[in-house]
Amino acid sequence: MGKLKLKLTFDKDCVTRPIIYELVKKYDVMTNILNANIEYGNRGNMILEIKGKDENLKLALEYFKDLRVKYEIYAEAIIWDEKRCISCGSCTAVCPTQALTMGKDDLLHFDKDKCVVCQLCINACPIRIISVEL
Amino acid sequence: MRSIAQINEKIKKGKAVVVTAEEVIDIVKEKGYKEAYETIDVVTTGTFGPMCSSGVFINFGHSNPPIRMQSIMLNDVPAYGGLAAVDTYIGATEVSQKRGMEYGGGHLIEDLIAGKDIKLHALSNGTDCYPRKEILTTINKDNINQAYMYNPRNAYQNYPAATNSTNKTIYTYMGTLLPNYGNITYSTSGELSPLLNDPYLRTIGVGTRIFLGGGIGYVAWQGTQHKVEVERSANGVPVVNAATLAVIGDIKQMSTKYVRGAVFDRYGVTLFVGIGVPIPILDEEMLKFVSVKNSEIYTKLVDKSGNVNIDKKFNYAELRSGTVKFNGKNVHTAPLSSLYVARNIALTLKDWINRGDFELTEKVTGLPFENKVNSLEIREIK
Ligand code: SF4
Ligand code: SF4
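In order, the protein sequence lines correspond to chains C and Y. First residue of the first sequence? That's 1 in the working numbering, and the numbers climb one at a time after it. First residue of the second sequence? That's 1 in the working numbering, and the numbers climb one at a time after it.
Hint data in this document are derived by calculation from the structure and do not stem from the laboratory. By construction, the Cβ of each residue, glycine as well, lies at the ideal position given by its N, Cα and C atoms. Among these hints, one or two may not hold up.
Quick list of in silico lysine to aspartate or glutamate cross-link-like pairs, EDC-like style, CA-CA up to 16 Å [unchecked claim]:
{"hint": "1", "chain 1": "C", "residue 1": "K104", "chain 2": "Y", "residue 2": "E359"}
{"hint": "2", "chain 1": "Y", "residue 1": "K288", "chain 2": "Y", "residue 2": "E35"}
{"hint": "3", "chain 1": "Y", "residue 1": "K15", "chain 2": "Y", "residue 2": "E359"}
{"hint": "4", "chain 1": "Y", "residue 1": "K257", "chain 2": "C", "residue 2": "E55"}
One side of the interface only, derived from the structure: several residues of chain C facing chain Y at Cβ under 8 Å [claimed, not checked]:
{"hint": "5", "residue": "G44"}
{"hint": "6", "residue": "A75"}
{"hint": "7", "residue": "I86"}
{"hint": "8", "residue": "S87"}
{"hint": "9", "residue": "V94"}
{"hint": "10", "residue": "T97"}
{"hint": "11", "residue": "M102"}
{"hint": "12", "residue": "D106"}
{"hint": "13", "residue": "L107"}
{"hint": "14", "residue": "N123"}
{"hint": "15", "residue": "P126"}
{"hint": "16", "residue": "I127"}
{"hint": "17", "residue": "R128"}
Work the whole structure out from these sequences, hints included.
Pasting the structure below:
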C-alpha cells in the first residue's frame with residue numbers, strides 16, 4: 001500500500017469527466033479530496049490524496065497523463081516543532097486546508113494528512129518553528 | 001464589603017478562596033452573584049500576547065579601565081547609548097544589524113532570560129575618567145547588575161479584530177491578512193484578560209502587584225496611549241482598545257515560558273509577554289465584573305489596509321468559534337495570542353496566592369479616568 005498527495009490541474013475538456021469515479025473504479029484506489037477549486041466548463045485544480053497498491057498508483061498517474069491532467073506530487077513534508085509551540089494560532093490564519101487548527105483544549109493541532117505543503121504557515125508563525133523537509 | 005487587608009489576612013492563613021476568571025463564570029451560574037460573592041475572595045486573570053511596547057533596562061557593571069558606552073550592540077542589535085556610562089535600554093522591536101528581522105530585541109530579551117551568553121560590543125569617545133574606547137565581551141543575566149523589564153504599553157484593554165479589504169495579502173502586526181476579507185485575526189484572552197475583568201479600573205492602579213513574565217512585577221504607571229473615554233457595551237466593557245498598563249519586573253525571576261521573541265512576517269520583531277493580574281472581590285459589583293463571558297465582550301472589526309471603514313462588531317465567543325458570518329460569507333477567524341498560556345498564567349497566580357507566596361496590594365494611586373489621546377499633527381517648523 002502506498003499513498004500520494006497530488007495537485008491536479010485541469011483544463012476545460014476534462015472538467016466534465018468523472019475523474020474520481022474512474023480512478024476508484026479502474027484502479028481500486030481510495031481517494032480523499034483535500035481541496036478543490038473547479039469552475040464548471042472551465043479550468044480548475046484539486047488537491048487529492050490517493051491510497052492503494054503501488055502498481056495501481058503508478059497506473060493512476062498514467063491515467064492522468066493520458067487525460068492530459070497535469071499533476072504535481074508533493075514530496076516535501078511540513079515539520080512542526082511542537083515542543084516550542086506557544087499555541088498562539090497565527091499559523092491557522094493562513095492554512096487553506098484546516099490542517100492547522102485550534103483544538104477544544106486551545107492547543108494547536110496539526111493534521112498531517114490534510115496538509116498540502118503550501119508552506120504559507122512557515123512565515124506566518126511568529127516563533128519560527130515550522131519548516132519544510134525536502 | 002471586603003477589604004484588601006482582610007483578603008491578605010485570609011491569604012496568610014491559607015483560607016482565601018481564589019478562582020480564575022474562567023472558573024468564576026460557572027460558579028456564578030450555579031450559585032448566583034450573591035452567594036458567589038460571599039465565597040470568592042480573589043479572581044486571577046492572564047494574558048500572553050504580542051506586546052511590541054516592551055523592553056529591558058540593563059546595567060552592565062564597570063570594566064577596568066572603565067568605559068562610558070555611547071554606541072552599544074547586543075548580539076548585533078543596537079541598544080540605547082544615551083543613559084549614563086553602563087546603563088542601557090533594549091526595546092523589543094529593535095532589529096539585528098546582521099540578521100535583520102529574524103533576530104531582534106524580543107529575541108535578545110528571551111535569550112537573556114534563558115541565561116544565554118550575549119555578545120556586547122560598545123564604543124566610546126573616551127573621557128578623562130572613562131578612558132576606554134571600545135569593549136568586546138559577553139554578558140549574561142548572572143554577571144550583569146540590574147536587569148528589569150519596563151514595558152511602556154502592555155495588557156491592552158480590548159483590541160479591534162483585523163481583516164483586509166484589498167485584493168492583495170497584507171502583512172501586519174495583526175498577522176497575515178488574506179485578500180478580499182479572506183480571514184479575520186484577533187488578539188485577546190477575552191474573559192481571562194486582566195483589564196476586561198475590571199473595566200473601570202476600580203482595583204488596578206499604580207503599585208498593583210502582578211504576575212509578569214513568570215516572576216513578580218508591578219503596575220508602574222498608566223500605559224502609553226491609555227484611553228478611557230471610549231465606546232463601551234452596557235456591561236462597561238470597551239469595544240475598542242482602551243486602558244493600557246506600564247509594567248515593571250525583574251527579568252532574573254522570569255521564564256522563557258512566559259516571555260518569547262517573535263516575528264510578524266514582513267512587519268517586524270515583537271515580544272510575547274505573559275501578564276496576570278489578581279482582582280480582589282471587594283463587593284458584589286466586582287464579582288459581576290469578573291464574571292463577564294466571551295459572549296458579552298465585543299470588539300470592532302477594522303480593515304488593516306485602511307481603505308474601508310467597517311461598521312461591525314463581534315463578540316469573542318463568535319471569534320473563537322473559528323468562523324464568523326461577514327458580508328454574507330463565512331470568514332475564517334484566527335487568534336494571535338495564546339489562550340492556553342493565558343490560562344496557565346491565571347492558574348499559576350492562583351497557586352501562588354493559595355500557597356501564601358503572593359499577597360494583594362492596595363493601589364498607590366488610580367490610573368487616570370479622564371483623558372484624551374493626542375495624534376501627531378504635521379506642524380510647521382518655525
Ligand atoms: S503547509 Fe502549512 S499552511 Fe499549507 S496546508 Fe500545510 S499546514 Fe496548512
Ligand atoms: S504560529 Fe507557530 S507558535 Fe503559533 S500556534 Fe502556530 S506553530 Fe504554534
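* Asked: Given R128 (chain C) as an interface hint, is the shortest Cβ-Cβ distance to chain Y below 8 Å?
  -> holds (6 Å)
* Let me know if the C-beta of T97 (chain C) comes in closer than 8 Å to any C-beta of chain Y, holds or violated. => violated (11 Å)
* Asked: Is the straight-line distance between the alpha-carbon of K288 (chain Y) and that of E35 (chain Y) 16 Å or less?
  -> Distance of about 12 Å is within 16 Å: holds.
* Given hint A75 (chain C) near chain Y, where the shortest CB pair must fall under 8 Å -> The hint is violated - A75 (chain C) has no Cβ within 8 Å of chain Y, the shortest such distance being about 25 Å.
* Asked: Under the criterion that the straight-line Cα-Cα distance not exceed 16 Å, is the pair K257 (chain Y), E55 (chain C) satisfied?
  -> Distance of about 49 Å is beyond 16 Å: violated.
* Holds or violated: is the Cβ of D106 (chain C) closer than 8 Å to a Cβ in chain Y? -> At about 4 Å, which falls below the 8 Å cut-off, the nearest Cβ of chain Y leaves the hint on D106 (chain C) intact, so it holds.
* Asked: Should the interface hint for I86 (chain C) be scored as holding, given a Cβ-Cβ cut-off of 8 Å against chain Y?
  -> Where the cut-off is 8 Å and the nearest Cβ of chain Y is about 5 Å from I86 (chain C), the hint holds.
* Is the shortest C-beta separation between V94 (chain C) and chain Y less than 8 Å? -> This hint holds: V94 (chain C) lies near chain Y, its Cβ roughly 5 Å from the closest one there, short of 8 Å.
* Status of the N123 (chain C) interface restraint (C-beta, 8 Å, chain Y) -> holds (4 Å)
* Can the hint on L107 (chain C) be confirmed by a CB-to-CB distance to chain Y that is less than 8 Å? -> Holds. Min distance 6 Å.
* Compare the distance between the alpha carbons of K104 (chain C) and E359 (chain Y) with 16 Å, and conclude whether the hinted pair is satisfied. => Violated - the C-alpha atoms of E359 (chain Y) and K104 (chain C) are around 33 Å apart, more than 16 Å.
* Should the interface hint for I127 (chain C) be scored as holding, given a Cβ-Cβ cut-off of 8 Å against chain Y? -> holds (6 Å)
The structure fails to meet hints 1, 4, 5, 6, 10 from the earlier list, while all remaining hints are met.
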